[in-house]
Amino acid sequence: MSLRCGDAARTLGPRVFGRYLCSPVRPLSSLPDEKKELLQNGPDLQDFVSGDLADRSTWDEYKGNLKRQKGERNPKILVECLTPDFRGDLKAIEKVALSGLDVYAHNVETVPELQSKVRDPRANFDQSLRVLKHAKKVQPDVISKTSIMLGLGENDEQVYATMKALREADVDCLTLGQYMQPTRRHLKVEEYITPEKFKYWEKVGNELGFHYTASGPLVRSSYKAGEFFLKNLVAKRKTKAF
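Under UniProt numbering, read the sequence shown as residues 1 to 242, first letter to last.
Just to be clear, a hint being listed does not mean it is correct.
In silico DSBU-like links for lysine-lysine, alpha-carbon gap of 30 Å or less [to be verified]: (1) Lys91 - Lys137; (2) Lys76 - Lys117; (3) Lys136 - Lys95.
No lab work stands behind these hints: they were computed from the structure.
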């Protein structure tokens, strides 16, 4: 059994877990007691935990939960953390990469040409690429993962160039999904990508050398089908280490 961001959001409410283009994240300390208990005790039943680290202010809370989940409860639990770019703060990136997690996830969200339209003005593609590179540099055994949302107005050449740049940055896993407009206040969908085109991008990702590429209209960064692959990939790397 696994508790993914989507599951937690449905259980705890849409403002608990989130990312840009979605509702903001609330810290665990602000949740009602019964919701805290779900997040804190849920890992007893899990083998894969995925969650968001919203910003520096949630670091101590994240670190404490990670210690409880992996150390005190089940050392075999695999932990994935979806991180912000920390505004390029390499020390903050190192803290997370060296914290004992298995999967370091940071989403580039879209192609470089649409970054200013889609993301917070303080974020950009090059900075996100540096985040993913630095996480692997300080912790080569960590699995790096990112996500691209399609349907925001990008073209095929831009998508391919973005995927190529990510693989050249040694990103291990890539997910591509259809952007859906959450509310009227958010960006409109420019195009609905066909299932055939998503299959094509999955093929391209495999050819570029990603260890895992998930591509489909309903795929998100915390894609359930990818957990089995990630668990096996982590297990293989740990076996090689010994």
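We went through each hint and held it up to the structure:
{"no.": "1", "hint": "Lys91 - Lys137", "in the structure": "holds, 12 Å"}
{"no.": "2", "hint": "Lys76 - Lys117", "in the structure": "violated, 41 Å"}
{"no.": "3", "hint": "Lys136 - Lys95", "in the structure": "holds, 12 Å"}
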